[in-house]
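Student: The chain contents come next:
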Amino acid sequence: MSVTDPAGPLLRVTDLVIEFDTPAGRRRVVDGVSFSVGEGEVLGILGESGSGKTMSTLAVLGLVHGRPGVVGGQIELRLGEERHALLDGLPEMLSPGSVAGSVRKDDRRWERHVHRRMRGIWGRGMTAVFQNPKHSLDPLMTIGRQLEESVRLSEPHLRPDAAGTRAIDWLAKVKLTDPARVHRSYAHELSGGMCQRAMIAIAIARLPQLLIADEPTTGLDTTVRAEIVELFRDLMHDRQRAMLYISHDIREVLYLADRVMVMRQGRIVEEASASDLERGVGRRHPYTATLLQAADLPVGEAA
Amino acid sequence: MLALLAVTARRLGAALVLLIGASFLIYITIRSAPGDAVDAITPMGTPPEIKAQLAAEFGLDVDPVTGYGAWLKHSIVGDFGESLVIRPGEEVMAMAAPRFAKSLLLGGSALFLCLALTMLLSILMGEPTVRHQGLTGFLYFVTAAPSFVAAVFFTQGVNEFVRGVVEGSGYETPPWYPIPISTESVMPYFFAGIVLVIGDGLFMDMLNGIRAEILAVRNSQFIAAIRAKGASTLPHIAKNLIVPAVSAYVSRLPLVLGGVVIVEYVFTLDGGGYMLLEASKQRDFPVVVGLSVLFTASIIVLNLVADVIRTVVDPREVARGG
Amino acid sequence: MEGKSHQLGLWLSGLVVAAVMLLGLVAPFVPYDAADAVSYDQILVTPSFAHPLGTDAQGRDVAIRLLKGTEAFFFPGLGAALVSVILGAIFGAIAGYSEGLLRSLVLGFLHLIDTLPRLVFIILVCTIRDPSIPLIASVTAVLFVPTVATVVRQKVETLASEDYILAHLAHGFRAVHVLAYHILWLQCRPLLVRQGAFVFGYVLFVETGLSYLGDYGVQEPDPSWGNMVAQVRDLAGLSPWPWLVPSAAIVATISGFLAFGNIVAARGEEVVR
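Chains as they are written, first to last, in our numbering: chain U, 10 to 312; chain L, 8 to 329; chain R, 204 to 476.
It is worth saying that the hints were derived from the structure and are not from the lab.
In this text, a Cβ means the ideal position worked out from N, Cα and C, and glycines have one as well.
Here are some of the chain U residues that sit facing chain L, going by a computed Cβ distance under 10 Å:
| hint | residue |
| --- | --- |
| 1 | Arg-117 |
| 2 | Gly-134 |
| 3 | Ala-137 |
| 4 | Asp-147 |
| 5 | Glu-158 |
| 6 | Leu-162 |
| 7 | Ala-196 |
Let the sequences and hints guide you as you build the complete structure.
Tutor: Spelled out as structure tokens, the structure:
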């Protein structure tokens with residue numbers, strides 16, 4: 010893939026560390042994770058719940074809440090010629106001491122700082138589709154209004170009626186039957202699968218360079234899951250955008266991703282091309298081997 | 008739109024049922040008077056013809072259900088009879104309504120101020136942290152003061168302190184006070200409003216509730232999704248806070264409109280609360296009942312307004328069918 | 204972390220609650236003849252060893268009046284809190300668990316009581332019946348049943364569909380047992396403590412408020428924190444002790460109980476999560 014692009018990868022994450030304070034004390038949920046995504050590439054992140062995969066992607070999005078949150082590492086996003094270092098200034102915001110014991114001096118200042126920096130990046134740079142589609146949509150606004158919000162941000166000069174037509178186009182593009190009805194519906198009037206399609210339409214209507222899909226099929230019925238995965242496959246076909254696809258389902262990840270990263274207990278334990286994993290080529294980490302076995306796939310050589 | 012109207016109509020019906028129910032509750036309370044009901048509710052030495060008139064008005068001479076019907080028939084059109092003591096012979100409705108309107112304005116605007124303050128404070132404070140402990144403790148202490156204690160601090164405390172300082176520095180006793188006691192200016196209303204806002208532990212109750220709602224909306228997944236697509240979150244957050252704010256407002260009304268009684272008495276404001284207490288002390292029964300019904304009805308009407316706002320803002324209300 | 208942040212508040216408010224409990228329990232055993240305590244040669248004495256909180260305009264010791272003043276609200280307040288919590292829990296559980304007509308009836312009844320303006324209704328009752336603190340406390344208890352019931356109902360509604368509750372029912376436990384023990388006792392206890400503390404605070408507010416106004420509360424010479432504050436009207440700024448001490452006691456008690464209840468409820472939520 011385009012990882013060897015001379016301009017460097019689209020997204021590069023280096024030594025990311027995330028910690029949270031829990032009643033039982035400080036817990037490190039992401040422990041020195043590094044990875045990169047090239048332009049047009051699909052990187053799959055595989056792991057059980059609590060492995061830190063969701064937290065890593067939320068950190069990329071600048072949406073980690075809680076204390077102390079992101080305490081170390083670098084995240085770099087390249088948009089055309091511009092390079093954005095998303096965690097710039099973080100060390101200065103941490104109180105002195107070792108990384109392990111560090112606490113941010115002023116959480117609200119850091120949050121404002123991140124939000125200001127992300128303002129130009131959210132949307133056209135990267136955007137996200139989360140699990141639990143029904144909770145991802147504003148309950149008080151029609152799907153159409155929310156989608157038009159996206160369309161207008163991408164194409165500010167569009168006239169209102171043109172924005173409405175464009176919104177319906179996007180709804181048709183995510184294969185919703187009867188887009189006009191969905192356009193005037195509220196989230197509570199739609200099924201989970203329909204909500205997720207609408208959510209995907211809202212996300213890609215921003216024409217992002219990087220689409221982050223965080224367990225987008227979790228909680229949906231099996232048949233609906235298959236349809237959503239198929240939709241992602243179709244959408245990635247033209248390679249107009251890169252994608253980070255997070256899931257705990259190895260089959261989904263192998264079907265969609267070019268490259269796969271396996272996470273466990275906050276660390277990356279395996280990184281391989283999807284085709285190698287699928288065909289059982291190369292040495293495998295024991296945890297990956299277990300996952301492959303459970304899915305009835307050839308394990309290859311267990312390390 | 009049609010569904011919206013249907014839900015609103017149903018809400019209106021429910022409010023009417025509630026109004027009937029509440030008035031029946033008030034009537035039953037009247038009938039629970041010990042001994043001879045007419046004697047219990049009138050001052051000593053009331054002439055017998057007035058007693059007979061009262062008994063007829065409140066249906067005290069027949070069984071409760073018939074009596075309630077008779078009472079409801081004229082009270083539902085706002086005819087609560089005539090005052091016995093405080094302004095003998097005057098129509099209760101004519102004398103009580105303007106006073107009551109003042110109380111409603113005072114209580115309503117004080118509660119609104121409380122809501123606005125708690126929202127502002129919640130936004131400023133953000134996520135709860137250890138650093139807020141001192142502030143929270145201070146707020147608990149300051150706002151727990153019952154309205155009369157707060158009023159004492161405001162009127163007696165501040166005024167006496169100023170008088171002491173002025174006299175101590177060799178001047179004569181000032182002819183004015185920082186907090187006016189006369190009923191003529193708007194200042195007493197202003198202070199009464201402040202006292203209502205901070206008094207009776209209401210503020211902390213409201214702050215805790217509103218803060219939790221704001222945090223829940225701000226940290227909800229759809230706000231994260233709106234951020235991620237690069238749109239402004241403010242209109243979404245604001246719209247999603249309308250319903251919790253309206254609910255918080257109406258649910259505290261019974262407490263605040265009750266609190267108005269004491270506040271008006273302490274500041275000697277000539278509102279409905281003051282009149283209620285005066286009438287109660289002098290056993291001017293028709294006035295007490297009339298004002299009680301007015302206070303209760305206003306709460307039911309404001310609840311109805313809140314319901315309509317909720318239905319308009321939140322489409323899920325229509326789906327739930329009200 | 205969150206738990207720790209409440210620690211100081213819990214200790215402080217717990218201290219207030221404990222102190223009020225102690226005063227309230229001790230007060231009935233302390234002999235005091237309110238009519239006999241007047242001594243005009245000891246008027247408005249500032250705090251000393253003999254009078255730790257000074258004396259009022261009639262030479263009565265403020266400290267002992269403060270102690271005896273707890274009698275006016277302590278047991279009525281506890282009783283009202285208990286009654287509204289028990290009734291509220293029962294009605295809330297019924298409203299949250301039942302369906303159809305019964306649910307609508309209970310909800311309607313609760314809503315009905317909830318629309319009555321609290322103090323206005325108390326004054327209405329005081330006009331009709333002989334006003335007394337136990338009467339006022341009983342009316343308060345009834346008026347706060349809906350507030351308690353709403354909290355319990357919401358909890359029951361969310362829990363009723365939880366798997367472990369369904370599992371208990373499937374295992375053959377009776378619904379009443381599951382409701383009373385697993386939902387009300389194990390899950391709602393902190394919330395009920397909070398609501399009880401709130402009702403107690405409100406009874407204190409109404410009692411002292413009415414005693415301050417002077418017609419329906421505790422009458423002189425019997426002491427109430429409310430009529431002690433009311434003395435401010437006769438003092439003309441001569442000595443702050445007779446009214447400042449009971450004012451501070453009222454504020455400390457109400458804020459202490461409110462904070463205690465809220466912190467207990469917040470910690471309960473954390474433990475459940």
